[in-house]
Amino acid sequence: MNVFVKSSFAVAITLITFALMPRAAAAPFALKSGDHVVTYGDSITEQKFYSNYVEAFTLTRFPQLTIDWTTAGWGGDKVTGGEGGTIDVRLQRDVLAYNPTMVTVMLGMNDGGYRAFDPALFDIYAKGYQHIIDVIKAANPAPRMSLLMPSPFDEVTRPPLIPGGYNPTLVKYGEFVRDLGQKNGFMVADLNGPVVNMLQKANAADPALAQTLMKDRVHASPACHLIMAESVLKSWNFPATVSAVTLNGATGKLVSTDNTTVTNIVASPTLAWDQLDKALPLPVAFADPLVQLVLKSSDFVNALDKQTITVTGLPAQSYALVIDGQPIGTFTRADLAAGVNLATLATPMLAQANQVQSLTDWHVSVHARLYRHIPPYTTPASVLDDEDKAVVVKQRAAAIPVTHHFELRAAN
Numbered sequence: 000m001n002v003f004v005k006s007s008f009a010v011a012i013t014l015i016t017f018a019l020m021p022r023a024a025a026a027p028f029a030l031k032s033g034d035h036v037v038t039y040g041d042s043i044t045e046q047k048f049y050s051n052y053v054e055a056f057t058l059t060r061f062p063q064l065t066i067d068w069t070t071a072g073w074g075g076d077k078v079t080g081g082e083g084g085t086i087d088v089r090l091q092r093d094v095l096a097y098n099p100t101m102v103t104v105m106l107g108m109n110d111g112g113y114r115a116f117d118p119a120l121f122d123i124y125a126k127g128y129q130h131i132i133d134v135i136k137a138a139n140p141a142p143r144m145s146l147l148m149p150s151p152f153d154e155v156t157r158p159p160l161i162p163g164g165y166n167p168t169l170v171k172y173g174e175f176v177r178d179l180g181q182k183n184g185f186m187v188a189d190l191n192g193p194v195v196n197m198l199q200k201a202n203a204a205d206p207a208l209a210q211t212l213m214k215d216r217v218h219a220s221p222a223c224h225l226i227m228a229e230s231v232l233k234s235w236n237f238p239a240t241v242s243a244v245t246l247n248g249a250t251g252k253l254v255s256t257d258n259t260t261v262t263n264i265v266a267s268p269t270l271a272w273d274q275l276d277k278a279l280p281l282p283v284a285f286a287d288p289l290v291q292l293v294l295k296s297s298d299f300v301n302a303l304d305k306q307t308i309t310v311t312g313l314p315a316q317s318y319a320l321v322i323d324g325q326p327i328g329t330f331t332r333a334d335l336a337a338g339v340n341l342a343t344l345a346t347p348m349l350a351q352a353n354q355v356q357s358l359t360d361w362h363v364s365v366h367a368r369l370y371r372h373i374p375p376y377t378t379p380a381s382v383l384d385d386e387d388k389a390v391v392v393k394q395r396a397a398a399i400p401v402t403h404h405f406e407l408r409a410a411n
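To convert, note that position 61 of the sequence shown is 60 in numbering that gives the first Met the number 0; the numbers rise steadily by one, no gaps.
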């Protein structure tokens, strides 16, 4: 056997061996039933937007999981604490008292002093951040933590306020957080880079509207917090797929499904079927102009929110999609063959997800009043606690998917 034949034979064997090797399973989602997540930070966390999204998105994607959530943000906080108390008071009262199984930490915006990088301030930050980890480890020797690199100071939609800008300081703080997380085996999410990238694209598309994404340069709008939530969820191995269905429209045969069950397929005269997904689409306010700008300027939908139906072999040129008797939209044969993402459309499933988001907003509001329940009391703590528990029950019930009836009616 000559050298060329031997080489070709070896390459072929290698390719066959590689093809037959089992594919590595996707990493599981970081949370599980029974977890209690405490989201700790400063005023950006106190806004309760990214943490609210993370809670609602997890509930809609994993309705079978029972997870408790607490947001423990306090305006002005640093690694040393702030108006809510020293760091040791804050950690004991606002974190460890909840017996968390997952703690997220995002600090740094105030620690950098809103000026060019200062080694003395950074030393305080580094030692203070390590102290936070040490205190949590003392309470739980094997803690599960997510360290969140500080979100940006907006110097994209407007010029820097200081020479060289303040965000480079936050980037350096974020690099420290990343390295500290890797050293300790914690999950790390970058809340700076992806937001800056989104701001750059948004600013190029619509400078006036982009300026409203972070009006004071520090506190992001709810739409902007979508990208922050995306970064957290990506670090937790959040799956992109809500559900996926592929049908052969000519034969009415089911080709494939993912995270859903399809039954009662009828091929003629109208292609119809029943579908019970295991998850809901993300409750995103798609009609909001700021949200639209953020989604156009990011990979959010493709990364987190794909609920597709794909139908091949259809004879007509276009079809009207109807779900539970509700018209959803008209799509060409080519659109359906390529796959239509229902997650961004006004479907009954999105309406249900929006109910979950409304209940999550309620839960977050009640818990915030309970968490920051400082005398003089306007509502007894016991009443707030009962209300908190009741809304959680409603949240979880609202997140359970139901069966929907799909029809594709020839439109021409």
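Calculated from the structure, these hints are not laboratory results.
Being a predicted model, the structure only gives us computed values, none of them experimental.
Please note that a few of the clues may not be correct.
DEER-style ranges, computed between Cβ atoms [said to hold, decoys possible]:
#, residue 1, residue 2, range
1, Pro288, Asn236, 55 to 65 Å
2, Gly163, Asn258, 20 to 30 Å
3, Phe28, Ala389, 48 to 58 Å
4, Asp257, Ile123, 41 to 51 Å
5, Ala410, Ala141, 53 to 63 Å
6, Asp384, Arg157, 14 to 24 Å
7, Asp178, Thr329, 45 to 55 Å
8, Lys182, Gly75, 44 to 54 Å
In this text, a Cβ means the ideal position worked out from N, Cα and C, and glycines have one as well.
Evaluation of the provided hints:
{"no.": "1", "hint": "Pro288 <-> Asn236: 55 to 65 Å", "in the structure": "violated (32 Å)"}
{"no.": "2", "hint": "Gly163 <-> Asn258: 20 to 30 Å", "in the structure": "violated (47 Å)"}
{"no.": "3", "hint": "Phe28 <-> Ala389: 48 to 58 Å", "in the structure": "violated (27 Å)"}
{"no.": "4", "hint": "Asp257 <-> Ile123: 41 to 51 Å", "in the structure": "holds (49 Å)"}
{"no.": "5", "hint": "Ala410 <-> Ala141: 53 to 63 Å", "in the structure": "holds (58 Å)"}
{"no.": "6", "hint": "Asp384 <-> Arg157: 14 to 24 Å", "in the structure": "violated (44 Å)"}
{"no.": "7", "hint": "Asp178 <-> Thr329: 45 to 55 Å", "in the structure": "holds (52 Å)"}
{"no.": "8", "hint": "Lys182 <-> Gly75: 44 to 54 Å", "in the structure": "violated (28 Å)"}
The earlier numbered hints that this structure contradicts are 1, 2, 3, 6, 8.
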